[in-house]
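*Asks:* Residue strings, one per chain:
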Amino acid sequence: MTTLTADLPASYLTKEQTIASWLLTTDHKRIALLYFASITAFFFIGGFAATLIRLHLVNPAGTLLQPDMYNRMFTMHGIVMVWFFLIPSIPNTLGNFLVPLMIGAKDLAFPRINLASWYVFNLAGLFVLYFLFMGGVDTGWTFYTPLSTHYANGYVVAAAVAVFINGFSSIMTGLNFVVTIHRMRAPGMVWMRLPLFIWAIYATSAVMLLATPVLAMTLFLVGVERTAGVGIFDPALGGDPLLFQHMFWFYSHPAVYIMILPAMGVVSELIACFARKPIFGYAGMTYALMAIAVIGFFVWGHHMFTAGISIYSAVVFSLMSFVVAVPSAIKTFNWTVTLHKGRITFDAPMLYALGFVGLFTIGGVTGLIVATVALDIHLQDTYFVVAHFHYIMVGGTVSAYFGGLHYWWPKITGRLYSEMLARFAALLTFLGFNLTFFPQFILGYLGMPRRYYAYPPEWQVWHVLSSAGASILAVAYVLPLFYLGWSLFRGERAGANPWRATGLEWRTSSPPPAHNFARAPLVTSAPYAYNPEDGSAIAQDGAHV
Amino acid sequence: MSAARYLVAWAVMLLLLGLSIWSAFLRIGPWQPVAQFGIAVTQAAIVFIVFMRLPGRPSLKWVFAGAGFFWLIFLYGISMADYLTRSGLPKG
Amino acid sequence: MSESAPRPAEQFADFAQQGEVAQLGMFVFIATEVLFFGGLVFTYYIYRHLYGAEFAIAGRDAKLMLGAINAAILLTSSLTMVLAIEAAAADRQRAILRWLALTVALGFLFLGVKGWEYVTDYRDHVVPAVNFLMKPGYGGPAELFWVFYFIATGIHAIHLTIGIGAVLAMMRFARRGRFTPVYYAPLEVVGLYWSFVDCVWLFLFPALYLLGRS
Amino acid sequence: MEWVPFWPRNAATAATPVDTLFIAELAISAVIILMVFAMIVGFGVRYRAGSDASRSNLVRKSWRFEIAWTVATFLVFLGLFIYGANLYVWLYGTPPGDLEIYVVGKQWMWKMQHPGGQREIDTLHVPVGKTVRLVLASQDVIHSFFVPAFRVKRDVVPGTYETAWFTPTKIGEFRLECAEFCGTQHAHMLGSIVVMAPADYARWLADQGAEPSLAQQGEALFRSYGCSGCHGANSTVHAPPLDGLYGRIVHLQDGEAVTADEQYIRDCILQGAARIVPAGYPPIMPAFAGQIGEDDLMKLIAYIRSLGRERHAP
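Chains as they are written, first to last, in the working numbering: chain F, 1 to 545; chain W, 546 to 637; chain G, 638 to 851; chain X, 852 to 1165.
No incorrect hints appear here.
Reference listing, derived: stretches of chain F covered by chain G, where coverage requires no fewer than 3 residues with Cβ under 8 Å from a Cβ of chain G:
#1 109–118
#2 177–184
#3 227–236
Derived DEER-like restraints, expressed as beta-carbon distance ranges:
#4 W:W576 with G:D651: 49 to 57 Å
#5 W:V608 with X:P1133: 51 to 59 Å
#6 X:A889 with F:M290: 27 to 35 Å
#7 F:W486 with W:P600: 57 to 65 Å
#8 F:Y287 with X:T974: 49 to 57 Å
#9 F:L23 with W:W607: 33 to 41 Å
#10 W:V608 with F:L23: 31 to 39 Å
Simulated from the structure, these hints should not be mistaken for laboratory data.
Every residue gets a Cβ at the ideal spot worked out from N, C-alpha and C, and that includes glycine.
Just chain F, with the same shape it has in the complex (with noise of 0.2 Å):
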């Protein structure tokens, strides 16, 4: 450690060096690199499933895996992926470096808790890693009884553990930010002067106090269904399973505004600063954002379209999710129109958030199209459906989240990385992404179910394009790993403000003190004062940077 950080000053990195100084911290910022190093750990873990299916899937008979042990394969990828990867990838790793530093607050409100949340975090992976290494879980990641309850034979309990455990977790953390964001601001940082960053969080933190516990309590239920044999959702009992999917989706599909609301709070902070242009339409862009949070509860239902909910119920939660992509597509004018009479520049971070805007464009009106019930019922659990959700969750929130490492990781580490690399790998990115994803749409409307292990040899050639785009998607996810490693010891030092950035966190220096302020910010400005027409900026504290 005192190698990587010999020629910088001091800062939150070299206050101490010790193990215990890192696993006992209640530094929001060491936390942050706590959970970047778990979570990077279970992105390469559920990347590795996602790689053998995608190898798999080349042959159409679908030899490379046993047929039970694809179908641990992509339940594992999507238990990993969804709760140890994306739901706290962009909140717990840039959300707890940046909320304190963006709102100028020493810390969060409650820093032994956010460093409990981290242990608690690793507690589930350890059952994650439990269950993956005594055999593996076949439900899939929905645990849809009564398949999980009494038929399937991994390891679903261990499964539902690490879930139930995870979301408290989720929950500590969406405590903290919420009291924070709303206790903790520095004086002058008045709600509508928030970066959008921290309204995207703060919306995330409400959907995930709000969701979560649903989910706890779901699969507690499915829990003891399962050890116990008792019949909760199981008809041959009087249950109902089709109110396992009530609750399950109750939690998960907000859940997937979890993982991509904070994406669109870092594009906006992304593509206001390489535009130089304040972002268009700010006030809209909050109220967007609140508004996805909360008509996001009410559309669960479109999940269940073909399940044999009553037809009055669907017709309703299709329409409430045609409003839910209102405030979306408002979202999507506003970043685009920003654009316009900006002063641009291509860095890195800007490539990745461009190709985040096109990517979730493309996912949301694919979305559009399965919201429409008489089309769901044809695209219901097709490959059109995967597509759809990768679309959002990787060629979105997976963008973003590598859009706002590279932006923040000056400040984070206090080097600056191969800005030449961090181009090709953003580029590859949509590339990859574009071709591993693009085939699933045509492969979904010809009729390819989900979780099928094989298929009619007529439809290869689509999966041979697939994994062709996998593969190119893993070097440009791999590829980051080197030159960001690289940065920590070689890499140039960055100065306090390497972007010309207007928020709090460039205002102190990179990396920070421990305490983030050398003095206590005071905020006069909106943010992203950016004037296009000279490229300069006005901070939030008043500076001209």
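Got chain F sorted already, so can you dock chains W, G and X onto it with the hints?
*Replies:* For chains W, G and X alone, coordinates are given in the frame of chain F:
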């Protein structure tokens, strides 16, 4: 002074408890769960307002305390709408 | 945590802010708990809606007397808890300890009654998966009622046990004189939790004990 | 659309309207995507840092744009919703059907029962141009009956009946898939729908051998399970008569009125008097849950349905 207020609240709560039990033996059919649930909501309101001292700073407490209950309305309401309009599923 | 000269944690400006933030945090946590229990009560109400008759027959075998006694015990414990907080605000250190001790005692009493109730339930053969007999008149879904009875009361008992632990910790703090009229946020926060657990019982009681009595 | 190399086959009446809607939405999607990409690329080139395009006269008041954009999007979405919901109600409504097939899904096969008693596994023969009504049940976990060429899909949830319908328009063999993950061999829970010319279909039916019809098999079960003891014509027990029950409105004891469809009859058999007692009858019927399998249930229901038909038959 405030101790007296707590004592009164406590006595009212016990009274409501008795009322709830008494209502269980009345032959009022479908109104029974309504009555009992109504009493429970009243009791919960007393607990939140008196014992958990919701009035007072910070007033944001009201929002957070209410959010959970408010959000349950969506879970109950929207799912119930499905159950009540599902064809072929007779009511008990 | 153990510094002798009390001062607010580093991220806060003063004790007032720290106290308010702690309370808010607890209320947020309570909101999540409401949704957690709400999910359970939701499944219960759906099945009660679908199987009203069976639930009414099964519910008649719940021990109303014990349930009602426990409701009264919990209501009283909420009173003693809040009196402990009042004592802290008035700086009556002995009174804090006395009321907290009474709260803990009531908590244990509740668990004792609950335990006794479980024993009688076991003798009644109404414990699903362990000792369950379909009694004459029971329809198939009657077992579902008892499943919910044990899950709900079980989770509630776990919450109450955590509450007892928290109150015991507060007694330790109080004995060391850590609560001053300026800052007694931990006690206040534990009090909120305790009252909330009481609140849960207020909803479980009619749902589990008052069915099918008329 | 079948000239497109990656378009699914169109072999039922539902396929054309679904395809039309799909193409309409694809077109709108394409417009939106092109617009966004064009703006990103266009602005990106014109307002790149090096260009000396004018940045003066920035739009400061953005409300008007935003509201206009919001309302326009909302109206387009609303139109799509109405179009889709309308079509859905037609797709999900169940027309009477020229032919009733009972389908039981179980890990990992589809069992089909024709009204004439013919049974098939994983294959279903139907005549072209006739509306086929399916009654779907599951023996174990949730399955989903999916025929891509017909654009029809229904989840088959254990414990309840689902109905679906299709009217094939082309002769040929079409892929039947299970679309809801149902365990290890999910990917092999496949089958085919064989659509035949009416004459070929009649010949195929005749070739299946003379099995008693589904209703006749049900009648045998009706006696062996002891149903006839109470519901029979000369029973002394005061049980509701089943003649003409199917499709009628039944008034229940709590004042509720339900239609006696497959689901109602199924619930009555499985749950007995604990549940749905018609007004005016004592609650004495035993529950048969756990004693009758899905196959037998369907036969019993076919029999009870036939009771009405025989009487009304001209």
